[in-house]
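S.K.: One-letter residues, chain by chain:
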Amino acid sequence: MKTIRLVTILLCAVGLLGGISCSKFLDEEPISTLAPETFWKSSTDATTWMAGIYNSLQTTLSTNWFDWGEVRSDNVQIGGTGNAQLTMVTNTLSANDAEINGVTRWTDLYTTISQCNYGIKYLQEMIDQDIEGKSEDYKNFLGQCYGLRALMYFYGLRVWGRMPILTEPVQSLEQPTELPRSSIDEIKQRILDDINSSLSTIGSSTDEKYYMQIGAVYALQTDVYMWFQQYDEALTASDNFIAVSGADWVNSIDEWKDIFIDPLSSPETVFNLYWSAPERGSAIGVCQKLGSASNTNQYEIATNIWQELKDRVDTATNQSSDGRFWALWDTVTYTDATLYEEAVAQMGKFFPWSGEPGEGFTLQGNSDCDVKLPIYRFADIMLLRAEALTHKGMYQEALDIVNKVRSRVGYPVEANLSDYSGDITTGIERTVLKERQLELLGEGKRWFDMCRIGKIYDYTDAGYQYLRGILNPILATREGAIQYEGANTARILYPINSDIFNANSKLVGDQNPPYDE
Amino acid sequence: MKKKHNPFVSVLTNKSNLHFFFLSLFLFAASISTSAQIKVDGSVKDATGKSIAGATVTVKGTGTSVATNNAGEFSIGVPGPGAVLVFSFVGYDAKEERIGTRKTINTSLSTTISDLDQVIVVGYGTQKKRDVTGAINSISAQTIERKQPVSIFDAIQGTAPGVRVMSTSGAPGEESDISIRGLSTLSDAGVRPLYVVDGVPMDNINSINPRDVQSIEILKDAASAAIYGSRSANGVVIVTTKRGSEGKPQIDVGYLRSYSFLSNRISQANRGERVIYDRRNALGLDEKRDDSTSFSRNSDNDYQALITQTAVRNQLDVGIRGGTGKLNYYNSVQYLDETGIVISSYNKRLTLRTNVEYKPSKKFSLYTRLNFSYQAKNNINEGNVIQQSLQRPPGMALFFPNGEYIYFNGGRRNPLAEAYLRKDVSKIFKGVLYEGFDFNILKSLTFHADASADVALERGSYFSSRFLTSDQSTATGRDRTSIPVRLQGNAFLSYHKAFNNAHHITALAGLNIEKNRWERTNIEGTEFVSESVTTLNAAGLFSQSDLYSRDSASALVGFYGRLGYDYKGKYLLNATIRRDGSSVFGVENRWGNFPSVSVGWRFSDEQFMKWSNGVLTDGKIRASWGVTGNQEIGYYDSYQQFEFGSYFYNGTSGVRTSPRLGNPALKWESTIQSNIGLDLTFLNGKISFIGDYYEKNTTDLLYDFPLPNEVGFSGKARTNIGSIQNVGVELMVTAYPIRTRNFEWQTSVNWSMVRNEITSIPSDYTDDIWSIQQGQEAGNFYGYKFLGIYQYDQSNAYTEDYRTRLTPQFQRDEQGNVIIEKNMQPILTGYTMPDGTPYTGEVRQLSTGGIVAKGGDVIWQNVPDEKGVLNGDIGDEDRQFLGHGQPRWSIAWSNNFSYKGFSLSFNFYGNFGGSVYNDNRRNLASFSNSNTTPDAYFIYNMWKYPGQITDTYRGGDKTADNMRRGGSEYLENGSFVRLQSVRLGYQLPGKLSKKAAMQNFGIYVYGTNLLTWTEYTGFDPEVGQNSVLKPGNDPGRYPRRRELGVGLNITF
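Taken in sequence, the protein lines are chains S and L. The opening residue of the first sequence carries number 1 in my numbering; numbering runs sequentially from there. The opening residue of the second sequence carries number 1 in my numbering; numbering runs sequentially from there.
Hints listed in this document are in silico derivations from the structure and should not be mistaken for laboratory results. Since the structure is predicted, the reported quantities are computational estimates derived from the model, not experimental observations. Just so you know, even glycine gets a beta-carbon here, dropped at the ideal spot from N, CA and C.
Here are the simulated EDC-like pairs of lysine to aspartate or glutamate, each with C-alpha atoms no more than 20 Å apart in a straight line: (1) S/K506 with L/E866; (2) L/K515 with S/D27; (3) S/K41 with L/E643; (4) L/K1030 with S/E99; (5) S/K506 with L/E877; (6) L/K716 with S/E178; (7) L/K958 with S/E479; (8) L/K867 with S/D510; (9) S/K121 with L/E643; (10) L/K944 with S/E479; (11) L/K785 with S/D516.
Just so you have them, the derived chain L footprint on chain S, three or more residues with Cβ under 8 Å: (12) 35 to 47; (13) 50 to 61; (14) 92 to 100.
Only chain L is shown next, with the shape it has when bound in the complex:
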């Protein structure tokens, strides 16, 4: 039963009162007992015979209505035999039954395929999907269930166009984030949308149990989001959790077990290949000693197999819900215990939720929501475990003969010891308490107030064994506690009224206040008394700079209002306004205004569209415009600050300026977004289409301005500078190609494209391998273009102006083979131009950093300077645009089949047009240490002799900087298509489960991340996408897993 708690009633159209259970509810609540002459009872079931709890049964034309209990049964008084009962439930087509002489009416409802009457949650209220004028995507509990997600982010991935889930690694319990409609700010922290869970704004929603979720609404355009003003520029994600329904207690039990594996192994050299690499410059066998004392050469480790494991996930869910007319409750407990695919990583999570609604009178409702979660996870040091295992020579032993670890050898760490002896446990205790009430002042006017506290205790315990240091001298430990607290309150009045069954007016006015406080303490120590005690009381030495406690706080006040009007549901208008004040901005600029307006036209209701009635069920054009804000910056970026605590000198704690220069003129970043959308429903919902085009212009970017390094503030200054534009198209088609009594196939495809442009910035610059340039996209790779490998030393030959590369001509034998002298050099006879004509002018050679490139070195593209002149050195000026760090377009395709009790669903999604910089592969082949080993492809293909035609530079030679960061040979195509999830379920027929005292019994098998089609050679192409200016870098992150599992759901 969906959101019957909700105090807001959307505009109600009386014409088709088919299954407006909202209306029914209200009528029920408000009805003055009509004297009942006849009592009718019965039950409501679905097509498969399963009871429907909470379905509304209304006597047509009266206000009398009741809801079915958990067994789907009802009892209602009707005026006479002529009465008609209307049965309705969300997700089902409403049905009418004439009573006649019957005293018992057992009916069944069939699932609806049109979702036009679905009620969706919008800012501070609800609306019927039919009447929405903004761009909103809604994800139902059913969609979530089909994906079997561990986290709520897995549930969102691929379900809505323009919404991208970004995770940085595949570690268990790793936090993810969402980006909606491109990246419209320049700071990584400012990219995430505002999350609102049951009316409580939150920084992240990682701790939410996906099974508790009733629906997720994603507000994408400004008109939908602007009522949340201050933090809505990146869209708003509204999560609504489940409620209890009237009836006997219903107990849900679920159990799931799954096994996960490394989804993609990457190329890694084995010992034999390493020997080939070591012997690259000399023929013959490895002459170095390899007797039993040489532990560097006696193994052949498959590190990827050694550091990974079959990960196991166990999940148990227990929920109880039920209620009476005055009170309903939803309780759930979930315990999740999973190990990661990298050894010693794990994640445990316990979530508890209680939602209680109490209605002591018709006018008054009380809501209490409690949510508690506990999470513990061990974080793997990716650099020391994963990256080191890829670097370490395969021949190097991991253990001494006596079984002890070889901890640290030749600069390489032991990845097993690192995984087992470095403990980095994060524990999060989080509680959200919410109290709210509704008071119906008049039938059309409701007052609502709520207050909530979101309190967390985050503990980080870190311990690194002394054996992990190179001299095995001392252990180090850290103990960190953060307490973020958010107190929040809302009060608003909402009004709705219909006039003459044609004009509908809604209005809303309210106030929101919020206080945030963040406290942190930190202890770090070394010289532990014992390795076996890892708490900090065992530390013998504490670093003064690392002992501290710090507090910070912020506050927010907002006033908001909304006005909605529609005429017969045909012409729709919504306007909102919000005024926000935030403590993070300069005193003069704290307040910002965020207006929006949206209109809709249901052209399918017009007379002139009558011809299309049989095909086009519903058609609506939407247009919206609005301003949204972003305030995701440090609490005190507007203040000048003097700092202390980590600036000691000779026993005195020093004071100095904060590394950041405060900016008292700091103000809101604002995004103006226009959206045009088209919603079409054909054949009663058999096919539906949603299309949107938007333009987002963000100005006064909260930009971390790199101050001149001479002014003494290394940490930049926050300023409002520059602007950025995102333009995109989103399309979504949902269809029921087959729909019979027993068999149903639902399919949905969504496609989205976004183009981003930095429209103004004070000065262009290059940050590492990315360029930040006016008129270009953010996150473009900028570096050196790889053109190939010089065959011979003499192949590095250019005309005087460096424009043309010459072809060297060598003395050849009768067979035409180039003669190589004893000194490993061919005999040069001259040069020719590419067209074969001899060249007699001066021959120039390219150099890098003063070093002339030789055979086996990379041919870099020489780029002319502003004057069009080429110079002979490959340097900074030779960098150029190489690719996009962000995907350019995305597609997702989901399918659901059901046949009697069986159901099958699978989802694909893919991102296209982005590149990934495979820095891990570059690092392995950069010879930064004699103990790093390039991958097997590199070893076999590296240039070894004059004349060799290959695409891989010579091994072991650093002088020509062939492996320079930014070289395009390591920039790979990041496009991919992924089979994200498959789930096959079977539901026992109602009759059978009833016999076992169960209402419902279902089992399922599922798999996630089963297949990925990509050209990318690293672990996974989805990397580092949540960085705006520096996306798509892959240094060798925690790899993704492939999961297979089975589960069971029982309802008593």
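So that you can see chain S by itself, here it is in the shape it has in the complex:
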């Protein structure tokens, strides 16, 4: 009897455990992460989400600011010995090259877009509910989300051309996740709509320069219109930019240097990407690419550009007078072009002088590089404006901007309208582009400038004449390089990484020619 009773008790215990408490026993929810349902309930949530977006922006642009915006231009010659660098400067990119996966994959860019999509959906809900009475903050954040999403699509448009457009956060596998590429017009419309949405909600502050403020949104708008050669709209956008950004010229090369080493205090800065290596646990790629205390930099600014800045002499004294020359390079060590080229000289633009100006810089190592990279700044937009003015026949106004850019860094030689003859518009446009090139060296602008001049989206020998005229002779001198001609003109776009096709069947067969999937 005893045993039977024992068995019964045991069986009951088993049954109890099994039947009643099992489902509870098996409820193991994440301990160190948040469930999305519990989020978007307080103003802190909104603030931290924005930090996440900007962190994602850091990831997206850490090296790609350069690999997308500069490396293939005439600014750059190879420095280090890596295969990836050789691939980039010889224009031999391919979709399946593991060494440049980071360049040809758009994953990080779309991650930032995804974070923005979440923000746009849920910040609107927070505004509607007026959580903690801080709707104004949320509106400002919402404006930033729209602005950043526009910036991301604008990068994608310029790098790959047509892109899939996602505007809703993906929250479940049930949602359609495979989308085809949209047309250029659709992407353009998306970008412009996002900019307008941003402008309608974003706050008016101008002193939070590590965030995308209203000035940066107008800057982006100017940039987008310039890309599509809509000069009237670009002028309006830049008018608004000047009116609201609170930015203004600096007055000396010392102040100019502050744009990069002390962006918060500089009047010329508008939107810089904050970076702290200890905070983030990784460094921005500026040192690795252009000037490092620890390694040979992967790239060097082309010797002829160096020479050009060196040759900007004050006719009165016959001395190099463009302050940017010694603000960018150690002019004491590198006294002639041969020395400069052989040394794979570092560009010290983003670093303070270590002694007297021109005597070199306090550089950082590859792993602790924390340059606060400018995304948009006053001179950038003013020179875009100068270009638009040129195209609208307002030549003197355009040249005034160029001359202001020069004089503020100590170069007194002015560009005068009387210097130009024949096709004055093109002549002045080239002057403006040259000034942009020198002013924005290493800031990821030059490649896009080369791309947007002349007949764009025409991948025959009739298109991209400005770019091809400059780059093909350079590529002709590089062993194994491919020039932009015939079918290879379309190499102006980047290849879409092979991985992307593996995961999205709607893209299969839609690689940018002449690349392979």
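Mind docking chain L on chain S? Use the hints.
M.R.: Just chain L now, kept in the frame of chain S:
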């Protein structure tokens, strides 16, 4: 004495009660004291005169039995002179002695050669090998001892068909894993079997001292494994540790010392060869300065000799065991101290084990098992030590004249400094506590319950000296602690009963619960105050993203049952069912059912087989079918998560979506496996054969689905997609070709073959150099086929459709030699087709990435696209199947000889049909940096002048991408045969050792990994096999060692 603790009694056949000591034990336990008229004592020895402790002595026809003590002595009461005593012990043939008038009976038992009566451990119980209906391999303590293994994995390697040990490197203390019957899932983490040690499920068994192991059972088919349901899809490995036996304390002491060497040097250029390489384009001597200030050119380092050393292993074992009728104990301590063959690598391990069994009454047994292990090892950074030492120019000095290291020069690291100044120590403290009890409710019904805790503390201390950074700026350090805890409990009832001596029924029903928790903290810092303090209090700067603590947890509940029936041991049936719930799946899909059924037919017992009685001792056909599950995924893959902690911006800790998209619909991966087996025993066990054929179909694969990169989740999503099939054959023959009183030769051969096929997948894709395609095997190499080297620039010439390569014709001198002009070009006169007819059409050339291939560039095979059209560019579409990353079949052969006190054993094993991608060799010859040096063969054979016929592309030229990853010239045959171990032992005769107060004294010499026959040119062909989709890549891993050692075992 084997598993007498075990509460389960398998089906007992009364007919041949020869040496069922289990039965005897139970009878003993249950016997009501029979009044003894005569007292008989004596001793039991083996053929060599060694005492057998724990042998069972039974009075035939009664329940009376006793066990021999440690000296092999017994004393038993018998009813009268007519009584017969039956002596039995596992591994020995039972013997009967009629008492007659004797008062003392000294007998000796001879070792059995048939293992049919061996008791093997199955899920939640035991079975006699004779009655097994599933596919199970058993590895005995004796087999393990013969291999002298460092880790338990060395013991398993090659002993069972279809079981493959996979290690990623030869570093001391490196973890290994096992794959059973192919790879039946797509995630690398899901390949390993379930390990169960003394009833406790474990993630790995690296910390187990192989000398503590009594037996290892490998449950291969679904019918054997399905009772473990949730994690059994890849089979189950059951490890049983040793127990104490009744008698005086017995002390075992063992000592071993061994020396190990690099087993295979690979080709590496010396300084002279490097100069040849540097001067490839110019005749004449090296014109660069080589005076004493040029430290890049004044040495000739043999790096492989510099970074390796003679590794020493010292191992000390002490064990005490013994017991009384109510209590027995087994205690062991092992200390292992070994250095690696690469300088500064080491592994130290201390293991303690205590197994105590207490039987306060006939109905009640208590089990306590404690196991503690400590391991410390220094991990070598393979990239910075081994791979750098293969890349660094041999002429580059390692030290400045003042004796300081040259740390970092021209992108090359100093492998010596890297080995000495980069510390990466892992320490693992691990304890397993187990408490269990058995209660015999009725004679045929037992209740068992147990609970166990498996707690580990894993510490990783990392310190990299500032001198190892290129600018010697700052040291970096990391301190990481993980605490995995697993709490686990079981309760079950087991029942067995025999009816009419013909029908045997067993039944089992139980419950298993488990909780896992995993906690981790991490600190990383830089800017150390001093190089001499490496703990993190010395760090001056901490990276916010790298300071964290994280927890995670999971839970599992399972119900299981088994029903077994046999009729006279002739017709056997087993059925199991398990229902498991796991927290890692979506709420709706947490529960899974895992049934199995297996049948056996002992046809040799049938009347119509009588004719074969003299030859065929036993013959059985087995068939099984079952469903098993796999749940090896992240704890929270089914949840949507927002993450934080490493997403700071401007002082604010950011929140963002987890890189993985959660999938609340996640459910079990299930494998349906059918198995047909044949067990044959001939000539009383002189020859035995086991053969199995199986088919495994795995569906709802727990697949890491690559989400479209546009959706913002870079880390994929876990889904149930696709299916995979494994079909295989396993054969094993064991034989005793010679067996005399003094001499015995036992040999065993096993052979296995497995074919794997991805039967469905949403879309085919290529991952690096592997293809994942429906209808193909997983892990196939996919890349560019190397056809040779263009002799001349003009040799790159094809017909208009690129189908035919043309032969260029050149102007020749009177001797027929091609005239090469000053510009190093021949004078082209025309082209011919391969058959010699002149070709006048348009000549096309192949290019890679827009670069036209020249003389000295690789001729790649041009593959037509879907429309059958060839294009002029070698690109992605020209990739094709190149080889299998996984071995296709394996063979192992073991031999044991014994002659009086001498014993000799040796084992071979080999894998065939797989390829290895020698990425290390490719990397050296990829000119990624002017300071990497190709191997000597490359240097001598690289293309240097027009017209050269060679198989090695031109040196130093990257433009044509000759060294592209996936090029088949670096895919090598990975087949090999290895002499895995040899051991020669001598056991002092019992009489002699007794004189020295020892029961047993043995010495041995052994060697492992003595010879390998292979065509592979890297360190070792066994690389990267534990990756399902990307196996067989060799970037230059820690090489394997060749070990020679001597040892000594003494029992007091």
